[in-house]
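**Student:** Below, each chain spelled out in residue letters.
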Amino acid sequence: MYSEKVMDHFKSPRNMGEIEDADGVGVVGNPTCGDVMNIYIKVKDDKLEDVKFKTFGCGAAVATSSMITELARGKTLDDALEITRNDVAEALEGLPPVKMHCSNLAADGLKAAIEDYRKKKGEE
Amino acid sequence: MDRVYFDYGGGSPVDPRVIEVMLPYMKENFGNPSSLHSDGLTTKNAILESKEKLASLINAEAEEIVFTSGGTESNNFALKGVARRNKDKGKHIITTSIEHISILNTCKQLQKEGFEISYIPVDESGVIDTDKLRDGIRDDTILISVMYANGEIGTIEPIKEIGEIASEKEVYLHTDAVAAAGKIPIDVSENIDIMSISSNDIYGPKGTGALYIKKKTKVQPMIHGGGQERGLRSGSEDVASIIGMARAAEIAKEEMKGEGERIGILRDRLINGILDEISDTYLNGHPTKRLPNNANVRFSYIEGESIILSLDMEGISASSSSACTSKTLEPSHVLTAMGISHADSQGALLMTLGRYSEEKDIDFMLETLPEIIMRLRDMSPLTPR
Numbered sequence: 135m136y137s138e139k140v141m142d143h144f145k146s147p148r149n150m151g152e153i154e155d156a157d158g159v160g161v162v163g164n165p166t167c168g169d170v171m172n173i174y175i176k177v178k179d180d181k182l183e184d185v186k187f188k189t190f191g192c193g194a195a196v197a198t199s200s201m202i203t204e205l206a207r208g209k210t211l212d213d214a215l216e217i218t219r220n221d222v223a224e225a226l227e228g229l230p231p232v233k234m235h236c237s238n239l240a241a242d243g244l245k246a247a248i249e250d251y252r253k254k255k256g257e258e
Numbered sequence: 009m010d011r012v013y014f015d016y017g018g019g020s021p022v023d024p025r026v027i028e029v030m031l032p033y034m035k036e037n038f039g040n041p042s043s044l045h046s047d048g049l050t051t052k053n054a055i056l057e058s059k060e061k062l063a064s065l066i067n068a069e070a071e072e073i074v075f076t077s078g079g080t081e082s083n084n085f086a087l088k089g090v091a092r093r094n095k096d097k098g099k100h101i102i103t104t105s106i107e108h109i110s111i112l113n114t115c116k117q118l119q120k121e122g123f124e125i126s127y128i129p130v131d132e133s134g135v136i137d138t139d140k141l142r143d144g145i146r147d148d149t150i151l152i153s154v155m156y157a158n159g160e161i162g163t164i165e166p167i168k169e170i171g172e173i174a175s176e177k178e179v180y181l182h183t184d185a186v187a188a189a190g191k192i193p194i195d196v197s198e199n200i201d202i203m204s205i206s207s208n209d210i211y212g213p214k215g216t217g218a219l220y221i222k223k224k225t226k227v228q229p230m231i232h233g234g235g236q237e238r239g240l241r242s243g244s245e246d247v248a249s250i251i252g253m254a255r256a257a258e259i260a261k262e263e264m265k266g267e268g269e270r271i272g273i274l275r276d277r278l279i280n281g282i283l284d285e286i287s288d289t290y291l292n293g294h295p296t297k298r299l300p301n302n303a304n305v306r307f308s309y310i311e312g313e314s315i316i317l318s319l320d321m322e323g324i325s326a327s328s329s330s331a332c333t334s335k336t337l338e339p340s341h342v343l344t345a346m347g348i349s350h351a352d353s354q355g356a357l358l359m360t361l362g363r364y365s366e367e368k369d370i371d372f373m374l375e376t377l378p379e380i381i382m383r384l385r386d387m388s389p390l391t392p393r
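Chains L and D are the protein sequences, given in the same order. Count along the first sequence from 1, then add 134; that gives the number in the numbering used here. Count along the second sequence from 1, then add 8; that gives the number in the numbering used here.
Among the hints, erroneous ones may be present.
Claimed, not checked - In silico contact screen, one side only, chain D against chain L (beta carbon under 10 Å); selected entries: (1) SER175; (2) TYR309; (3) GLY312; (4) GLU367.
Claimed, not checked - Now the in silico label distances, taken between C-beta atoms and shown as ranges: (5) L/MET234 / D/ASP10: 51 to 61 Å; (6) L/ASP180 / D/ASN280: 49 to 59 Å; (7) D/PRO392 / L/LEU215: 57 to 67 Å; (8) D/LYS297 / L/GLU216: 56 to 66 Å; (9) D/ARG25 / L/MET234: 42 to 52 Å.
Quick caveat, the hints were computed from the structure, so don't treat them as lab data. Beta carbons are placed, not taken as given, at the ideal position from N, Cα and C, and that holds for glycine.
Next comes chain L alone, as it looks inside the complex (with noise of 0.2 Å):
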C-alpha cells in the first residue's frame, strides 16, 4: 500500500520527539478523525534550527511528520511555509490516494507552528 520511503520513515522516524522550550508548537488534527500531530520548532536567526514532532496516527501521518521535520530544517521562515503537503508527499515519492487528504497534514502543523512562534514574537 504504502511506498518503500513512507515504510522507511515510519519505521525510522526522523526527529521524533519534543522540544522542551519549543519557540513554537502547531498542533493539528484531532483524534476522532485519526490522526493528532504536533509539531516543535526552534528558531535561530529567523530560520529553523531545530524541528521535531509527536504523531498519534497511521503510517502516513508518522512518514509525512517525520518527512516535513527533514524538509524544514535549516530554512529560513518564510521558505519554510512555502512547504505544500503535495512537497510532502511527492518527498515520500507518493501516498495513497485515501491518505493524501486526511493524514497528509504534517505541512498544515508546520504552519500552525511558525505561526504560533510569530504571535508570541507579536509579529503578526
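Starting from the structure of chain L, add chain D where the hints point.
**Tutor:** Leaving out everything else, chain D in the frame of chain L:
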C-alpha cells in the same frame, strides 16, 4: 522466517484434507450435475451428499441447503429474497447496529425499495437488547436478522431467545452465522428460518458459501436461469468447491469441540497476556459469551494501522478496525455501537486464531507487542507524560 498469522477471520487456509477431496472433481468428475449421462449423475449425487454433510453440521435437512458464492451473497440472498417475496405482508425489517457490512448495505438497498429498517442497539459488550427487539416487532414486521456471533468482537448473540421471540410473533428469523459456524455448535431447530454460512471461514475454499432455508420459508430466487438449486439460485454448480465446503463442514463437526477448547486456551493466554503486560488496554467484546478464536483489544493513545504495520514488519499478520484502516475512513460501526468513542476505537487490534495457531505464536506476539505499543505511545502526543 515463518510468518505468524492472527487473521483467520480475514482469510483462512484451506485444510489439506479438503483440497484432497476437491481435486477429483476438477480432474475426473467434471460432468454437469444437470446432465442426464453418468458423468452428470456422479456430480449430482456428490452435491446431494454434500448437502447432507453441511446440513448435519447445523441439524438441518439436505434439501434446506442452497450453495452460494459466499457469506456476502448468502446475506444478500436472505434479506432481499425474504423481503421482496413477503412485501405484501409488510415492509418492516429488524436488524442490529453491529451486523456485517453485507447486511447493513443490503438493508440500505431495501430501504430504497420502500422497506423500513429498525436497528436494535447493543450493550457495551456487544450483546443485543432482546427487550428492545421484542418491543420493536410490529404487525408489518416480516423479518428479523441478527448475527449468530460478531466476527470483529467475537460476541455471541442470544439467538435461542431471539428465535423464541420471532417464532412467537410469527416473523422470519435470519442469522448470519459466517463467524460462528464450525466454531460453536449451531442448531437451526432453535427457530432459525434462514442462515448464512461461508466456506472459507470453516477452512473450505474461498468464493463459496451456503444458505440454509427452512422448508416452507417464502424466498424470492436470487439468480434466474436454468433452475438449479430448486430454482432459487440458477447457474451450473461449482462442484469442486461444494465438495470442499462439505468436507470442511464434516471436519468442523468432528473436531469442533476439541479444537474450540484448544484455541480458546490459546486465545485466553493471548488476551490475558496483553492485558497484564500493557497498561491502558481494554478488551473489546464480551469476556465469556465469545467465539473461542477471537481476541480484540484496544490500546489508548495510539492508532490501529500503525500497530498493524509495526506487527507486519516483525512478521505478524493481524487486523484492526480503526478508521484509518477502513476504505471509508469511518471508525468501526461495531465499536461505535458499543459506546466506544471514536478516539478510543482508533487503537483497536483484532487477532483471530485458527486451526493452525500454536503456543509459540502466542509467545511471539506477547514478546513483540509490548515494545511496539511502547514505541508508538512514545511517539504519540496523546500519551500522558
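**Student:** Starting from the hint list further up, note which numbers the structure goes against and sort them upward.
**Tutor:** Hints 1, 4, 5, 7 contradicted; others consistent.
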